[in-house]
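A.B. asks: Residue strings, one per chain:
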Amino acid sequence: SQELEQSPQSLIVQEGKNLTINCTSSKTLYGLYWYKQKYGEGLIFLMMLQKGGEEKSHEKITAKLDEKKQQSSLHITASQPSHAGIYLCGAVGGSQGNLIFGKGTKLSVKP
Amino acid sequence: KAGVTQTPRYLIKTRGQQVTLSCSPISGHRSVSWYQQTPGQGLQFLFEYFSETQRNKGNFPGRFSGRQFSNSRSEMNVSTLELGDSALYLCASSLGSPYSNQPQHFGDGTRLSIL
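Protein chains in written order, with my numbering: chain C, 5 to 115; chain W, 236 to 350.
By construction, these hints were calculated from the structure, which means they are not laboratory data. Careful, some of the hints might be misleading.
[As the list claims (entries may be wrong)] One-sided excerpt, in silico: chain W residues whose CB lies under 8 angstroms from chain C: (1) S268; (2) L278; (3) F280; (4) N291; (5) G293; (6) L316; (7) E317; (8) G319; (9) H340; (10) G342; (11) R346.
Since the structure is predicted, the reported quantities are computational estimates derived from the model, not experimental observations. Quick reminder that beta carbons are idealized off the backbone N, C-alpha and C, glycines included.
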């Protein structure tokens with residue numbers, strides 16, 4: 005079955021700095037979702053990417069799906085404390101056609 | 236538009252008991268999925284319901300079951316609770332299945348602790 009690997013596992017950045025989180029799939033991606041989770045809470049939908057080369061932005065967050073559709077990156081520009089949380093990528097890849105998720109990247113932003 | 240609502244938010248049970256968790260999806264969403272989240276295993280798929288029918292089921296024992304009602308609200312039940320069942324249980328709703336590329340929207344989860 006398909007697996008999603010996220011890197012790095014955790015990240016600490018100074019407020020105002022840019023950062024990138026990667027999600028690599030063991031198989032071709034047919035839809036890639038990015039979510040953000042605050043500790044102990046639910047997942048907040050950020051973006052969905054479908055086509056190779058597709059890039060989407062929301063406020064200061066940009067996500068891209070590479071041409072080969074096996075890797076996605078999430079880039080945050082000028083990070084703020086409000087960006088802190090766990091970022092998870094998800095894709096259709098389970099044996100039952102369900103969503104599978106990476107283990108997440110924990111982001112801390114120091115004021 | 237109200238989001239996905241899960242109740243209760245927190246629950247403490249002892250081994251051997253059973254528990255029922257509830258999920259009210261976003262209005263108009265007919266697909267409801269359940270996930271278990273633990274620090275070690277991350278997010279794992281439990282099952283998905285669409286129009287009162289279970290469409291998909293993850294690799295969990297039969298102690299985990301669910302159902303969906305005609306108004307799309309869903310419940311999941313865990314019987315004979317074990318210590319390893321302690322987790323955050325998340326419900327997500329969407330307009331269609333994951334293959335239809337409709338994003339899933341999550342509730343805040345139910346934190347289940349087994350003593």
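A.B. asks: Determine for every hint whether it applies to the structure shown.
C.D. replies: Do the hints match the structure? See the list:
Because the closest C-beta pair between W:S268 and chain C is about 7 angstroms apart, less than 8 angstroms, the hint holds. Below 8 angstroms, beta-carbon pairs count as interface contacts, and W:L278 has one with chain C at about 4 angstroms; its hint therefore holds. Interface restraint check for W:F280: the shortest CB-CB distance to chain C comes to about 4 angstroms, inside 8 angstroms, so the restraint holds. Here the hint on W:N291 is kept, as its CB sits about 4 angstroms from the closest CB of chain C, short of 8 angstroms.
With a least beta-carbon distance of about 7 angstroms to chain C, the hint placing W:G293 at the interface is held under the 8 angstroms criterion. A least Cβ separation of about 20 angstroms between W:L316 and chain C goes past the 8 angstroms threshold, and the interface hint is therefore violated. At about 22 angstroms, the closest approach between the beta carbon of W:E317 and any beta carbon in chain C exceeds 8 angstroms, and the interface hint on this residue is violated. For W:G319, the shortest C-beta to C-beta distance to chain C is roughly 18 angstroms, which exceeds 8 angstroms, and the interface hint is violated.
Among the interface hints, the one on W:H340 holds; its C-beta lies about 6 angstroms from the nearest C-beta in chain C, closer than the 8 angstroms criterion. Contact between W:G342 and chain C, as hinted, is supported at the beta carbon level, the nearest pair being about 5 angstroms apart and thus within 8 angstroms. At a threshold of 8 angstroms, the smallest CB-CB gap from W:R346 to chain C is about 7 angstroms, leaving the interface hint in force.
Of the hints listed earlier, those the structure fails to meet are numbers 6, 7, 8, in rising order.
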